[in-house]
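Put together the whole structure using the sequences plus the hints.
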Amino acid sequence: MADDNTNANANATAYWKANVRTILGCLVVWAFVSYGCAILFRPLLAGIPIGGTDLGFWFAQQGSILTFIAIIFFYAWKMNRLDAKYSLGE
Amino acid sequence: MDQFIINILFVGASFALYIGIAVWARAGSTKDFYVAGGGVHPVTNGMATAADWMSAASFISMAGLLAAGGYANSTYLMGWTGGYVLLAMLLAPYLRKFGKFTVPAFIGDRFYSDTARLIAVVCLIIASTTYVIGQMTGAGVAFSRFLEVPNTAGIWIAALIVFLYAVFGGMKGITYTQVAQYVVLIIAYTIPAVFIAMHLTGNPIPMFGMFSTHTESGMPLLDKLDQVVTALGFNAYTADVDNKLNMVLFTLSLMVGTAGLPHVIIRFFTVPKVADARWSAGWALVFIALLYVTAPAVGSMARLNLLTTVYPDMAQQTENYDAAAQNPIRYEDRPGWIRSWEETGLITFEDKNGDDRIQLYNDDSDAFSDKAEEFGWEGNELSVNNDILVLANPEIANLPPWVIGLIAAGGVAAALSTAAGLLLAISSAISHDLIKNTINPRITERGEMLAARISMAGAILLATYLGLNPPGFAAQTVALAFGIAGASLFPALMMGIFSKRINNRGAVAGMLTGLLTTLLYIFTYLGWFFIPETNMLANTPENWVLGISPQSFGALGAIMNFAVAFAVSSVTAAPPKEIQLLVESVRYPKGAGSAPHLSQH
Chain A
1 MADDNTNANA
11 NATAYWKANV
21 RTILGCLVVW
31 AFVSYGCAIL
41 FRPLLAGIPI
51 GGTDLGFWFA
61 QQGSILTFIA
71 IIFFYAWKMN
81 RLDAKYSLGE
Chain B
1 MDQFIINILF
11 VGASFALYIG
21 IAVWARAGST
31 KDFYVAGGGV
41 HPVTNGMATA
51 ADWMSAASFI
61 SMAGLLAAGG
71 YANSTYLMGW
81 TGGYVLLAML
91 LAPYLRKFGK
101 FTVPAFIGDR
111 FYSDTARLIA
121 VVCLIIASTT
131 YVIGQMTGAG
141 VAFSRFLEVP
151 NTAGIWIAAL
161 IVFLYAVFGG
171 MKGITYTQVA
181 QYVVLIIAYT
191 IPAVFIAMHL
201 TGNPIPMFGM
211 FSTHTESGMP
221 LLDKLDQVVT
231 ALGFNAYTAD
241 VDNKLNMVLF
251 TLSLMVGTAG
261 LPHVIIRFFT
271 VPKVADARWS
281 AGWALVFIAL
291 LYVTAPAVGS
301 MARLNLLTTV
311 YPDMAQQTEN
321 YDAAAQNPIR
331 YEDRPGWIRS
341 WEETGLITFE
351 DKNGDDRIQL
361 YNDDSDAFSD
371 KAEEFGWEGN
381 ELSVNNDILV
391 LANPEIANLP
401 PWVIGLIAAG
411 GVAAALSTAA
421 GLLLAISSAI
431 SHDLIKNTIN
441 PRITERGEML
451 AARISMAGAI
461 LLATYLGLNP
471 PGFAAQTVAL
481 AFGIAGASLF
491 PALMMGIFSK
501 RINNRGAVAG
511 MLTGLLTTLL
521 YIFTYLGWFF
531 IPETNMLANT
541 PENWVLGISP
551 QSFGALGAIM
561 NFAVAFAVSS
571 VTAAPPKEIQ
581 LLVESVRYPK
591 GAGSAPHLSQ
601 H
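Respectively, the protein sequence lines represent chains A and B. Last residue of the first sequence: 90 in full-length UniProt numbering, with the numbers rising by one and none dropped. Last residue of the second sequence: 601 in full-length UniProt numbering, with the numbers rising by one and none dropped.
Note that these hints are calculated values from the structure, not bench results. Small disclaimer: the values here were computed from a predicted structure and weren't measured. You can take every hint at face value.
No farther apart than 30 Å at their CA atoms in a straight line, the calculated lysine-lysine pairs in the DSSO-like style are these:
1. B:500 - B:590
2. A:85 - B:590
3. B:577 - A:17
The following block contains the structure:
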């Protein structure tokens, strides 16, 4: 019993760590496209023209939103796999 | 057929639909009333969340904000969508696993503190009430223009409709009504946008049209727009901003505010499983993005359309804008849509130099004043309220009358769906967290549902009153809603899930710090309780601390909340064992059950 509990706890801890790692990875992308490409690095992207303006403007008005959608679906997919791997899903 | 009759038909038919749905999906139990029975499909929930979230501000005002501010106002686009990333990863799945009906219920239980629960209820009510005022006034504007009734009558009609379907249907009725409202509002938004994009660029998809070639001049549309606005003394549409710190903080504030707004969070309690809560956040953002990637196209094209309406010679011009600027249209030749909006007072004309022509330019620009003098202009003569751009779009583009009827129905749908969601969040906090949990724990289920309905009716009356007598400047109160949700509720929820060490004292101290500093900063510049003339400093960038606007302060409030909560928790006793086990349990999807359980409260 004690071993089972320890195993279950180790399993749950590993699952939670994997979840937090996934979240951190997603947040890096989230911050990079919005605060990075769209705002802070816009002057650096000024040389890349797109339809009458530059890539930073596109990220601010469309690119970041499209990336946000991709992040959430990636996260949901990844978490489903983790749920199954650690047998913690419903 | 008369435009007025068409409007009545469209708006009337959509109301009949909403009320029909509410009767079909009326709530039979408190579980139906609070979480729609807990069996909503993630895609359905995503659509309902999108309608719940996209308010009158998204539908009516956002394109206008983008048209006026260009690149600088991209903050709204990123802030109001980026919050869903936080919601999907940091809150929704765990709160769904926790399985309660309300946001204060989680905060009260996790921090084993009725003080924390009460602070959460107060924050929820302030944030939701200030937000609902904007919805009522938005519905009033749409009604008064399209149904040709006075503004006050418009607000009363809106209140009656929300009352009928929200009070009887509860969350169950609201969920399915919001799905219908989403369909109405997205069709209403997209159709005129497609026509305008076709007309200006030949590309029927607005989000691509915005980055393609302007047919009349053969230049890229945004390039053309930049040239036209700078020729009239305005800032270039795509110009970068000087204060990047403020832009970053404003975007962050809108993101954490979005993730912390209770009426959005409670939508994730209605899905069957934890995994569904994650998918559902993704679907919500897909449905929101359909409107949010179209809005910048609508904004930029509407701005160009407006300016080339006033200065017809500028339409085909690729250089020599000065000559074109000297030939604006005569006032008597103005198009019909300017005439009809003049009647509402949202467009006004004053012939300052008496030449019978309309001069529209930036008379605040010192750099441009010499040129204006040379042209014989004596000030900007046409003022256009930003909020009318979307509503006027079909008329500007000469679309058939049924499109105008559709836009009327869409604008009202956007306002009513958000108002209903907010009212539900307020009433469930009162009936469930205050009455059931604190005042009378032995209340029967019937009694609790009656209390929920009465508090919702009360909330509607309050919202109607505030809509009729808005506190000065309703638009700025939105900063308060986001500031409070972001600075107090979001950090408390997140810490409750991601840290086992944060205890009751830490959470209370953190929430109070976030709440009070944000209120103080906002009231310093916007006046105590928004009463005009009571602000201690003028609301100008020179007075802001480090250039941080009151709207952007929520992000700093949130950071202070985290810091104080960690500091206080680290010097006081750790949370009891059962609370640590509770935190463990919300982290794992297993055993969430089909819906929130009623036995605990």
